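Asks: Sequences are here, hints too, so could you generate the full structure?
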Amino acid sequence: MTLAFAVVVTLFIGKRWYDYVSSASSPYDEVGIELNSRAPGPINRWGCAKLQERFARATPPYGCSAGNGRQWK
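All residue numbers for the sequence shown refer to my numbering, where the first residue is 16 and numbers rise by one.
To be clear, the hints were calculated from the coordinates, so they are not data collected in a lab. Fair warning: there could be bad hints in the mix.
Unchecked claim - Cut-off 35 Å, straight-line C-alpha distance, at most; resulting in silico cross-link-like pairs (DSBU-like, lysine-lysine):
#1 K30 <-> K65
#2 K88 <-> K65
#3 K88 <-> K30
Given the structure is predicted, the values throughout are model-derived calculations rather than measurements.
Replies: Rendered as structure tokens:
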């Protein structure tokens, strides 16, 4: 039962994160920013790259900024 619960929670969080990086209407969704900023390095970089493709002219959200905070990683 505990394993099943852990799998369901992981899938739910993973889906929520993927929806944020692939189809959010804004890069500033609070839950999405939090999930992406806490993701492991390669997953975070991939998510930031997807967000940058979609919102290149926007200031990067927390977890995707480098340098002065106005540049994408």
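Asks: Checking one constraint from the list: CA of K30 to CA of K65, max 35 Å. Satisfied?
Replies: Holds: K30 and K65 sit about 15 Å apart, inside 35 Å.
Asks: Would the pair K88 and K30 pass a check requiring their Cα atoms to be no farther apart than 35 Å?
Replies: holds, 23 Å
Asks: Taking 35 Å as the top limit, are the C-alpha atoms of K88 and K65 close enough?
Replies: Satisfied, since the Cα-Cα distance of roughly 12 Å is no more than 35 Å.
Of the numbered hints given earlier, the model fails none.
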